[in-house]
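Taken in order, these protein sequences are the chains called A and B.
Just so we're aligned: 123 in the working numbering is position 123 of the first sequence, and the numbers increase by one with no gaps anywhere.
Just so we're aligned: 106 in the working numbering is position 106 of the second sequence, and the numbers increase by one with no gaps anywhere.
Keep in mind that a hint or two might mislead.
[Stated by the list, open to error] In silico lysine-lysine, BS3-like type, Cα no more than 30 Å apart, as pairs:
hint	chain 1	residue 1	chain 2	residue 2
1	A	Lys-229	A	Lys-329
2	A	Lys-875	B	Lys-121
3	A	Lys-258	A	Lys-336
4	B	Lys-144	A	Lys-886
5	B	Lys-121	A	Lys-866
[Said to hold, decoys possible] Only part of the chain B face toward chain A is listed, based on derived beta-carbon distances under 7 Å:
hint	residue
6	Glu-37
7	Pro-43
8	Pro-117
9	Gln-118
What the hints contain is simulated information worked out from the structure, not anything from laboratory work.
Glycine residues also receive a C-beta, built at the ideal position from the N, C-alpha and C atoms.
Listed below, chain by chain, are the residues.
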Amino acid sequence: MAAATALEEAAAPVGALCGLVQDFVMGQQEGPADQVAADVKSGGYTVLQVVEALGSSLENPEPRTRARGIQLLSQVLLQCHSLLLEKEVVHLILFYENRLKDHHLVIPSVLQGLRALSMSVALPPGLAVSVLKAIFQEIHVQVMDGEKDPRNLLVAFRIVHDLISKDYSLGPFVEELFEVTSCYFPIDFTPPPNDPYGIQRDDLILSLRAVLASTPRFAEFLLPLLIEKVDSEILSAKLDSLQTLNACCAVYGQKELKDFLPSLWASIRREVFQTASERVEAEGLAALHSLTACLSCSVLRADAEDLLDSFLSTILQDCRHHLCEPDMKLVWPSAKLLQAAAGASARACEHITRNVLPLLLEQFHKHSQSNQRRTILEMLLGFLKLQQKWNYEEKDERPLTSFKDQLCSLVFMALTDPSTQLQLVGIRTLTVLGSQPDLLSSGDLELAVGHLYRLSFLEEDSQSCRVAALEASGTLTTLYPGAFSSHLLPKLAKELHKGESDVAREDGLMKSSRHFYCLQALSAISTHPSIVRETLPVLLQHLCQANKGNMVTEPSEITAICQSLQQVAEKCQQDPESYWYFHETAVPCLFGLAVQASMPEKESSVLRRVLLEDEVLAALASVIGTATTHLSPELAAQSVMCIVPLFLDGNTSFLPENSFPSRFQPFQSCSSTQRRLVALLTAFVCSLPRNVEIPQLNRLMRELLEQSCCHSCPFSSTAAAKCFAGLLNKHPPGQQLDEFLQLAMDTVETGLASGSSRNQAFALLLWVTKALVLRYHPLSTCLTTRLLSLLLEALSCPDSVVQLSTLSCLQPLLLEAPQIMSLHVDTLVTKFLTLSSSPSMAVRIAALQCMHALTRLPTPVLLPYKSQVIRALAKPLDDKKRLVRKEAVSARGEW
Amino acid sequence: MVGGGGGSGGSGRGGLLENANPLIYERSGERPVTAGEEDEQVPDSIDAREIFDLIRSINDPEHPLTLEELNVVEQVRIQVSDPESTVAVAFTPTIPHCSMATLIGLSIKVKLLRSLPQRFKMDVHITPGTHASEHAVNKQLADKERVAAALENTHLLEVVNQCLSARS
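Full structure from sequences and hints, please.
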């Protein structure tokens, strides 16, 4: 009784198994495979029982059914190979090997099964090679037969790779295994035009490479093959061989490479010297790099000879005479080879540097022409740069130490050479030398700084040198702030001061460009916190002097100082402490100067007004914005508590000089000059982090809204509109926001109706719309439509000033809201094309810029107009004005 | 294209290498805008610099560089006459066997076709003595039908457009 129950229990799962098998094979369902695998794992039934259950389907005359049966078995094996006993593995392998002769539809599943079996720990020695031979014979035959299904090949490569990476003992079969796989090298396969499997040539190349480069045991067979194929005529074979060699170096050691080094080097050298292909050259250099790295890293047996030194000596021997040949034909390839090897390890770098540097130093002095010297210095630079890769512990180990003086004098020679090109390389070399730790002495640095000072004032024709010198100064200042602080800053400050006295400005242009270069040099070296604390006061002091002095100051001079300040602010962004220092020093100072300039004072009216001109205020605003955007919310909150009360209440207590003849009330209607300063407030407020709370927000927004419609001064009303929109953009959603929006819309509509402040209302609408578009507010679509209808209406207006301002509004809209603009494409194309032959040059240019911007609309919208537009745009190509033609060319090219 | 004769055999080695590491020339800046150009009344005639500005930023099909940087086109090799509506551009392949010469010429030609008024008659050719197959390439470039046919070849047009696309 009990036995019978036990039997039933055992039989029941087998019955279930048959059902599952049936569902998978005949029912074409995928789920049962995992179920069967899970049952085998849990011990529900054995693999043998699965084979038995499959029985009939494996013998079915229909190949698709047989394939399905094998697929099920293979999937189970893939999950359960660890449970198999050696005996089972042997039987299954015999079965599978036999199945390899089956129909090609069955093969992929057979290979999956063999792959599973190859992962089994119970795989007996010797059997694997027999499997592989069977696989490659069968597949090879099939490929020859023209089946050309590379999927089988991919799986076969995976099997071999699995076997090797599992450290399966290959015993005497290494060579045979190598033979069956390496016969595919190099892969020559072009996927058929509509290949359903999407296997690319590279997939095959990479999987074969993974096999070939997977074990040092293949080295003695593979290296001769690679050498042979590098010598081949076919480009792809060369590349594949060099890349495979590169991959091999990751697993090889000196032992494997030893016998082949001379031939490998000869092949690589020949390719780099002779090739016309940049890729072959790059791969050759990469292979040499890996070879050298491999030789440098190999662990040696106690009695073995270290091959690195002799290998490097061979390279040096074959390359050094090219470095010295007077015609300099092969210098570059030689230098590249040496650098590839030197870049592989600290030892290689040391060895090569010690040998090459004296040669190059000598060659530099042998050649007298600037362009030859430039080539030599460029090579030298390459070797110097490599030093930075390695940290030498001891100063004496550093190969450069003994050449330091010669290198310095050579670089200084280059820096004083008449050739700009040589100077440029000299500057780069100086930067690299400076970056070597503890190399330059304080005397060298003083000389270097002197040269950089001179180069920073080079005139017109060598601008590239001047810019490079500024950049080098910036980099070196981060390393040697002391040297720049004591040898450069005083000179620059003095130079700047010269310009402040009115006697010196007599000689006009020359002076003013020196003055400008000096400002640039000051900002260029503001790369170290300690330097910023010196340069910023100098710049601000200079700004105050320019404002105070009783000579006529041009707006361009002030904007130049502002540009310099802005660059300093940008450089401070990396270091929060410097950034805050900049903000807390410069921002009050700039506001202070501007407030002072806006005071109604009679005697200095003309001079101080320079600060209030549009372009100067814009430059100041830009500095304030840059000095604010990256503030932390806490510090920004501190600053906003000073600046908003300045504008709303005239609280000037935080300004450096705050005794003014009268009050600062920018929002009062009587003070039109003070109102212009709202542009600075806008820059500050709009740059604040989003979560900073603004004091008296409600009052501020109302004041701004009011001012935005004031028509006496477009500059300040636009600034107010921008500031209002900026605040609207950041305002948290809720009732208050809706109230402000309603208020703004009322203001716009009143303004549009009034006539006199129509332009202001329009600008306000534009900015409010932009603010809402950016925050995805639901009102934005409605506003944009309103705006567009106004703009399209304005396009038909005959007045060229209106046309121009409308076009300049439409252009950014086309770029930012192409979807909405698409609805009006017909009107836009017609209007723009008409305006592109307007009598006014500015309108023609703007219309063509809009035509260009139209190409941002979705392509299907544009296609119907394409040929019409291209034809129409041929006309402005022949415009009498060059500036118009330029826009026509770029618009037509884009269409 | 097979090299024309043994004349270049001796320098072949150096020439090939020169192509792998081409000499790179500096880019000229934007043309400064003059007061005359700002003036509505003064007509500006089409000059060599304007033609040069049209073609100097064309990308080389092989290197990530412009024709200007490779010195393939130079302002001095451009002859233009606005009143006679003619323009002649000579370009210099980096090496005498450059297989891309036709493609480069075609790119220049297409750029000019798209950018100049229709009245212009244009001649794009190789700087004499700088290419092994100079004659054959010039003939192809001068052949209107061939240029038109080449531009109907979508693949070729794509390559040309790639050369003409502005740098990002």
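Going through the hints against the structure:
Straight-line distance between C-alpha atoms of Lys-229 (chain A) and Lys-329 (chain A) comes to about 27 Å, which keeps the hinted pair within the 30 Å bound. Of the supplied pair hints, the one linking Lys-875 (chain A) and Lys-121 (chain B) holds, its CA atoms being roughly 16 Å apart against a limit of 30 Å. Proximity of Lys-258 (chain A) to Lys-336 (chain A) is assessed by CA-CA distance (about 23 Å); at most 30 Å being required, the pair is judged to hold. Simply put, Lys-144 (chain B) and Lys-886 (chain A) have alpha-carbon atoms about 26 Å apart, close enough for the 30 Å limit, and the pair holds.
The straight-line distance between the Cα atoms of Lys-121 (chain B) and Lys-866 (chain A) is roughly 25 Å, inside the 30 Å bound, and the hint therefore holds. Nearest Cβ of chain A to the Cβ of Glu-37 (chain B): about 5 Å, under the 7 Å cut. The hint holds. With a cut of 7 Å, the hint placing Pro-43 (chain B) at the interface with chain A holds, because the nearest CB-to-CB distance is about 4 Å. Because the closest C-beta pair between Pro-117 (chain B) and chain A is about 3 Å apart, less than 7 Å, the hint holds.
Using the Cβ-Cβ criterion of 7 Å, the hint placing Gln-118 (chain B) at the interface with chain A is satisfied: the shortest such distance is roughly 6 Å.
The structure fails none of the hints (numbered hints given earlier).
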